[in-house]
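What follows is the residue order along each chain.
There are 2 protein chains.
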Amino acid sequence: MASWLSIPKNSPFSLANIPFGIISASSSKVPAIAIGDYALDLNAFASSGGFSQLPSIQQHLSVFNQPTLNAFAELGRPVHRQVREYLQNVFRADTQYPQVLKDNAALQKSALIPRSQVTNHVPMQIGDYTDFYAGLNHAYNIGVLFRGKDNALQPNYKHLPVAYHGRASSVVPSGTPLHRPSGQILANPTADPKIPTFSPCKKLDIELELAAFISKPNELGKPVSIDEAEDHIFGLVLMNDWSARDIQAWEYVPLGPFNAKNFGTTITPWVVLIDALEPFRAQGIEPGNRDGLLPYLREKRAETAYEIPLEVEVTNKGGQPTIISNSNARNLLYSFPQMVAHHTITGCNLRSGDLLGSGTISGTEPKTQGSFLEQTNGKTAIKLADGSERMFLEDGDTVVLRGLAGTEGNYVGFGDCTGTILPPVSF
Amino acid sequence: MASWLSIPKNSPFSLANIPFGIISASSSKVPAIAIGDYALDLNAFASSGGFSQLPSIQQHLSVFNQPTLNAFAELGRPVHRQVREYLQNVFRADTQYPQVLKDNAALQKSALIPRSQVTNHVPMQIGDYTDFYAGLNHAYNIGVLFRGKDNALQPNYKHLPVAYHGRASSVVPSGTPLHRPSGQILANPTADPKIPTFSPCKKLDIELELAAFISKPNELGKPVSIDEAEDHIFGLVLMNDWSARDIQAWEYVPLGPFNAKNFGTTITPWVVLIDALEPFRAQGIEPGNRDGLLPYLREKRAETAYEIPLEVEVTNKGGQPTIISNSNARNLLYSFPQMVAHHTITGCNLRSGDLLGSGTISGTEPKTQGSFLEQTNGKTAIKLADGSERMFLEDGDTVVLRGLAGTEGNYVGFGDCTGTILPPVSF
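Protein chains in written order, with this note's numbering: chain L, 1189 to 1615; chain P, 1189 to 1615.
FYI, nobody ran anything at the bench for these hints, they're computed from the structure. There may be inaccurate statements among the hints.
Identical chains blur together in the list; that is why a pair holds if it fits in one copy or across any two.
[Stated by the list, open to error] Dumping the calculated EDC-like pairs for lysine to aspartate or glutamate here, alpha-carbon to alpha-carbon at most 20 Å:
1. Lys-1391 / Asp-1585
2. Lys-1337 / Asp-1380
3. Lys-1571 / Asp-1282
4. Lys-1346 / Asp-1380
5. Lys-1382 / Asp-1338
6. Lys-1337 / Glu-1501
7. Lys-1337 / Glu-1596
8. Lys-1410 / Asp-1583
9. Lys-1571 / Glu-1582
10. Lys-1382 / Asp-1479
Isolated chain L (complex conformation):
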């Protein structure tokens, strides 16, 4: 698809994408889409008649005058699809509606804003954030470190998508710097008795994840069936689930990670609609309809993963960037619809804006892991382009996650998921 707008060939936001987000430029927070180097302010667009050629959205235009995408998401997938396809039409070189934007200099001036001039925000009001553990290779790698090869995967792992509730308040948009957390760590893990010390985290790590935003809610007591689950998913973002490994090692028994994860979780601000990812469906590590899965988790089709190449880049204080890992979204054992079906099987209610993380997405080869812990095991340092070495993150390090499906000129990507580590706060 060619556009009358100049879109760089390497842009993650080609005409094939049309991701939705929340921006602020001169004024308040408004919904927008990203296209090439621009954001289209949907509040300005809608209030100037930009949707005049899409009759079905007329009764819902107030969703574009909101500080979050929750109201738009709640309209449901058929509406998201119509709006995305309409906006693709508006931007196409051979648009059916040239009068809407292509030949409308005034609306271009008021609604089409260079992305370098906008601030991005967390796109939805997140009710609850759940983090799954669906990256099979990550679960295996971590299991080997803690329990050895023979017991690496717990007996439940291939029967259900393991998950824990995460912290919604500290989900931040890409670009937000985070202080290195402090807390209790065991300086000497083999001492008896075990006496913790108070310290800044010394094993600060990342986790490369995808995450889904929920669109359509379900009522308490009404599970979502696997066949309907995808229609409850609005779209995906990239996510860095920052992890303090030494705090985690001391605190996590018996109820799981808490302070090790609650100080910040970074997401890309543009939600890539589930329909935009449809062309990249692929079979994952195992098919979504594999034998052995209980019926409530069994998908109708085998291809329930996505072919999305992923990368992790680390840079210290403006130095030379180093790609430390290349992975792929195919490394997930469970699909997002399977996560929705499992999450709700007890009757748990999901709300519009709830966030479901995939778990860390690692490959099986060297330099394909989605965390430092897996790559270094605290023993084998990662070498950066500036000659320095890393077991874990240092203050001043900037981490960028990227994910880009498709081919040049037609990329469907997430943009950069960026975070920089600031020194610990003083006590």
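Given chain L's structure and the hints, the job is docking chain P onto it.
What follows is chain P alone, placed relative to chain L:
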């Protein structure tokens, strides 16, 4: 304190209490207080000049025209204190302001509503719900069941308040019935390999807890010190953290409970302000300033627990109620301010309306435990008054938690925390 209003001597809502909640009667949700058998509609009260004798609240009256208590809570503890003391004054037999309500039949008629005629709601918009594990005896009892007496408590237990993130969306007000959840359980836990079956939960349990609502938020990256922590707490409620033990046993490794807890958590709808509980301060199992605690957790004073007798009642289908347990809030090893200090030590931000559960509050003697699992260990049944026996809950069972501090005529209580188990939904 005597009131001109007739307040039953056994009411948990004496003049010494003045808890805040959200009610709806004929119209929309509004803030209210409970007093005796009545609710005072604070929207009607404020809009008819009820607060005319409290000058400091005049600029904030809009907080009483909201569907949640978040805005009122955010005003901070000094304001909560002034409003509570003013309302106590208004209701006192020797009130300084008889014209406000005592001698104002019109306002009594419009704002003072029999509680039997109102619907209660979850009083705050809960951003995140965190559940701690601060009940020492519960942690010990569960530890004995899983790991034996010698390793019952994990090494971290006496150094930090263990916690996990819970599910906010399914927190419901007292009186909301819940379906027995279904999910994966191990019908034969000793078989090899372990193959789960899909089933309604067969080990449905309760957990007797207190929970704190957060008033004043803290910014991301700004920990709350132990000395300031209490001023971030709005007040307490009773909480039943329903637990599906068989689902939990299969799913919980390695990241903690998830589906076993996400189908419903019941709270009392009236928030007892932290100031109302001040007279019931007591030393808990160990002092809040005990040696060995890291400084960020050490309270200035020893008396950081509360003397609040608690009870658990079970009734099947309108039969005769049975008190199956009597416990006390003194059984918590950590105080709510310690929980706030620990939660935020990494820089995690708490928001107004966040809910912090205490963990199950059990005693050390028979019939003082806050869960069926501890009382029965799946072996020794609890006998109910109707002659039937329980290892865990049956369909049709109604559980009521109660907590009542103080003495007759001056009780500071929470009211009933009630839930009835409905049959599982059909698949």
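Hint check results:
| no. | hint | verdict |
| --- | --- | --- |
| 1 | Lys-1391 / Asp-1585 | within (13 Å within a copy, 48 Å between copies) |
| 2 | Lys-1337 / Asp-1380 | between (27 Å within a copy, 18 Å between copies) |
| 3 | Lys-1571 / Asp-1282 | neither (49 Å within a copy, 77 Å between copies) |
| 4 | Lys-1346 / Asp-1380 | between (36 Å within a copy, 15 Å between copies) |
| 5 | Lys-1382 / Asp-1338 | between (28 Å within a copy, 15 Å between copies) |
| 6 | Lys-1337 / Glu-1501 | neither (29 Å within a copy, 48 Å between copies) |
| 7 | Lys-1337 / Glu-1596 | neither (40 Å within a copy, 63 Å between copies) |
| 8 | Lys-1410 / Asp-1583 | between (46 Å within a copy, 18 Å between copies) |
| 9 | Lys-1571 / Glu-1582 | within (13 Å within a copy, 59 Å between copies) |
| 10 | Lys-1382 / Asp-1479 | between (45 Å within a copy, 16 Å between copies) |
In terms of the numbered hints stated before, the structure departs from hints 3, 6, 7, listed from lowest to highest.
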